[in-house]
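Novice: Chains as they are written, first to last, in this note's numbering: chain D, 1 to 483; chain S, 1001 to 1237.
Quick caveat, the hints were computed from the structure, so don't treat them as lab data.
Glycine is no exception: its CB is placed at the ideal position from the N, C-alpha and C atoms.
Worth double-checking, as some hints may not be accurate.
Derived lysine-lysine pairs resembling DSS-like cross-links, with alpha carbons at most 25 Å apart [what the hints assert, rightly or not]:
id: 1; chain 1: D; residue 1: Lys456; chain 2: S; residue 2: Lys1098
id: 2; chain 1: D; residue 1: Lys179; chain 2: D; residue 2: Lys36
id: 3; chain 1: S; residue 1: Lys1133; chain 2: D; residue 2: Lys456
id: 4; chain 1: S; residue 1: Lys1144; chain 2: D; residue 2: Lys456
id: 5; chain 1: S; residue 1: Lys1118; chain 2: D; residue 2: Lys427
id: 6; chain 1: S; residue 1: Lys1051; chain 2: D; residue 2: Lys456
id: 7; chain 1: D; residue 1: Lys268; chain 2: D; residue 2: Lys349
id: 8; chain 1: D; residue 1: Lys169; chain 2: D; residue 2: Lys201
id: 9; chain 1: S; residue 1: Lys1133; chain 2: D; residue 2: Lys427
id: 10; chain 1: D; residue 1: Lys427; chain 2: S; residue 2: Lys1144
id: 11; chain 1: S; residue 1: Lys1118; chain 2: D; residue 2: Lys456
id: 12; chain 1: D; residue 1: Lys349; chain 2: D; residue 2: Lys62
Computed far set for chain D versus chain S, every beta-carbon distance over 12 Å [what the hints assert, rightly or not]:
id: 13; residue: Glu21
id: 14; residue: Asp231
id: 15; residue: Asn356
id: 16; residue: Lys456
id: 17; residue: Leu464
Covered, in the sense of this in silico footprint (three residues per stretch, anywhere, with C-beta under 8 Å from a C-beta of chain D), are these stretches of chain S [as the list claims (entries may be wrong)]:
id: 18; region: 1049–1055
id: 19; region: 1081–1089
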Amino acid sequence: MTSVNQFANNKYTAGFNTVTETEDFEPGLTEETVQKLSAIKKEPEWVTEFRLKAFRHLQTIKEPTWAHVNYAPIDYQALSYYSAPRFRNKDEIPPEILETFDKLGVPLHERDALLGIESKDPNIIPTVAVDVVFDSVSIATTFQKELKKHGIIFCSISEAIQEHPELVKEYLGSVIPAKDNYFACLNSAVFTDGTFCYIPKGVKCPMELNTYFRINARNTGQFERTLIIADADSYVSYLEGCTAPAYDENTLHAAVVELVTHDRAEIKYSTVQNWYPGDENGVGGVLNFVTKRGLCKGESSKISWTQVETGSAVTWKYPSCILRGDNSVGEFYSVAVTKGKQMADTGTKMLHVGKNTKSTIVSKGISFGDSSNTYRGQVRIGKNAHNSRNYTQCDSLMLDNSKALTLPVVSQYNNSSIVEHEASAGKLSEEALFYLQSRGLDEENAVNLVVNGFCKDVFQKLPLEFAAEANQLLNVTLEGAVG
Amino acid sequence: MLVTQEFTVSVDDKPILEDINLDFGPGIHIIMGPNGVGKSSFAHALMGNPKYQTDGAVEFFGKDLLAMETHERSRAGLFMSFQTPTPIEGLSNFQFIKQCLDSKQGSPGITETLAKFKGLTDEFNLPNEWDKKHLNVQASGGEKKKNELIQMLMLNSECAILDEPDSGLDVDALQILTNVIQDFASNDKIVIIISHYESLIKNLNVDSVTVLGKDKTIRGDVDLAYQVLDEGFKNIV
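Okay, chain D solo, but in the shape it has when bound:
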């Protein structure tokens, strides 16, 4: 917890913006916008058609209103749907963009890799490959050659549409159809970039795959789309990080993430979400309306979601698993921290379809100030999902005037399955803080220890590099949250 002292204040450290020459669309969302977007990306007709179908459906539906969040109505016509920094090719990335990622702490050897100096130093063994998305486009993807040796495809979704259309065509929208919900539909119409991964049969991905999303432009929506496919007997660990400048308008982020695992394959998906949360009065911040879902298609396959959510003004997000393959496993581990005027409505859905399927949900909500923090979960055990099991644990820790809400829904349609639910809710106790302080720890340190202990089960699920980052982020977030 020594990291606390390294930060003099609790300002959002990623809140700067980058001045670079960009190509932007005028604000507005019409069928022409969608066509123009598809054209600028030189997409094949089936992608344009996919987008247009979604756009037309979007005109017939409304934003969901059931979540425990409030925000001013979004004027979709006032947003720009495309903003890309100008550069001719990936060897000529503008220095200010490289500097941006340096400032955000993307490690040096990764930055070197961005410049194309892959494995210049033989002593640096890559452990993480990165795809960097800056507003509407992917800037660079590292270690592609290294990964290609194993048959792994790791590239931007735009590149995948050009280079691997057969794979994208088969899976795009197969887990989250365009009509799934309002924000997924919007994304299907106007998605700009994102990451595509394919892990071939029997391959264990030798490094962590990481996408770093950076919103930079003002009044521009970010609509990224990620698609990860793990073929039979493969394994991949994927990490996602995100930050945005501190603007005083809300920024809309509506992403879609689809995962597919075939027989005995496993995807471990980790997120550290640190979008700009707005200021202490609730002005500005990212509206994070994200649809994430994994399909355990094959038998004995596994999908594991781990998320640490500290950012965004409003979060609406439920990473879910469809456990279709017999013996498949779904997991959801979440820490959601809200402070100030933040509002989070997050949780998961575990849909048991196959026999002997298992799911585990561990959710930790921590709320400070005037924030509100809702866990919303659905566990559905279908009539053919014999001998299935779910274990759910939801804990909330509250301070100040914050509100925590737990809304679990369980439906079970057979008699051979077992569902367990444990929940706890408590105020961060004065007694606990006094006890720790009586041993010489100051208040901030004492709060850190209690909160870190509370989140330990989830942090342990994060890959090593990410766990340290998450810990640090949590400490920075807590700083100044007390008192």
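Model the placement of chain S on the given structure of chain D, informed by the hints.
Specialist: Then chain S, alone, in the frame of chain D:
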């Protein structure tokens, strides 16, 4: 030296203790008193528990104790063992003590600290891997009491207030407790024990006994303790 002058302790503006004038030098001091008279409140108020309001003055090795925050009182050398220490999930015993030591100046290295900690858990007959167990979580009453004493020894405080350190301990543990306290006090430390147990009192070299009453406070030597144990409080305070 710990000196209280017209020390008054209240909760929600209701006085619990009024005008307490006591001094404690190096050695072992016993505090007794009828139930509910405010013995634990005295300890908590000295440590700075925000639940209590205080008045008067307390001098601690020349410093104004009441002007300090709780963590500053600890860093100045004051320690208090809790009757029912609070459980903290996810925080291991060792991680905790290491953090506490690190918050003070000149903390020893991790290897040295761990060796000392494990030495103590062995001495106290605590289960293996006690260092990894979470602080006061799924521990028995006796284990928690032992853990409090280990913290006292690790922090090597100048003055320790022990709030019923003997309750819930078995005979063997009580023996360890008396040895540890006697040994600790022999290094010029101030030990203030809130207790009613004869077995603890008779096995320690007690320097003073204070009986806190509703209307008065009586100071004496160890014979005062035996008088209380014989006759009860009613004839004394």
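Novice: If a hint holds in the structure, say so; if it doesn't, say that too.
Specialist: Tested hints:
1. D:Lys456 <-> S:Lys1098: Holds - the C-alpha atoms of lysine 1098 of chain S and lysine 456 of chain D are around 18 Å apart, at most 25 Å.
2. D:Lys179 <-> D:Lys36: Distance of about 22 Å is within 25 Å: holds.
3. S:Lys1133 <-> D:Lys456: With a Cα-Cα distance of about 13 Å, the restraint between lysine 1133 of chain S and lysine 456 of chain D holds, given a limit of 25 Å.
4. S:Lys1144 <-> D:Lys456: 22 Å, holds
5. S:Lys1118 <-> D:Lys427: At roughly 33 Å apart (the allowed maximum being 25 Å), lysine 427 of chain D and lysine 1118 of chain S break the hint.
6. S:Lys1051 <-> D:Lys456: Between lysine 1051 of chain S and lysine 456 of chain D the Cα gap is close to 29 Å, so the pair fails against 25 Å, i.e. violated.
7. D:Lys268 <-> D:Lys349: 17 Å, holds
8. D:Lys169 <-> D:Lys201: Status holds; Cα separation ~19 Å.
9. S:Lys1133 <-> D:Lys427: 23 Å, holds
10. D:Lys427 <-> S:Lys1144: Holds, at about 23 Å.
11. S:Lys1118 <-> D:Lys456: Distance ~24 Å between lysine 1118 of chain S and lysine 456 of chain D Cα, so the pair holds.
12. D:Lys349 <-> D:Lys62: 22 Å, holds
13. Glu21: Nearest chain S Cβ is 48 Å from glutamate 21 of chain D, so the label holds.
14. Asp231: 37 Å, holds
15. Asn356: 31 Å, holds
16. Lys456: 4 Å, violated
17. Leu464: 18 Å, holds
18. 1049–1055: Three-residue rule met by the region 1049–1055 of chain S, so holds; n is 3.
19. 1081–1089: Satisfied; 5 residues make the cut.
The structure is inconsistent with the numbered hints 5, 6 and 16, although it conforms to all the rest.
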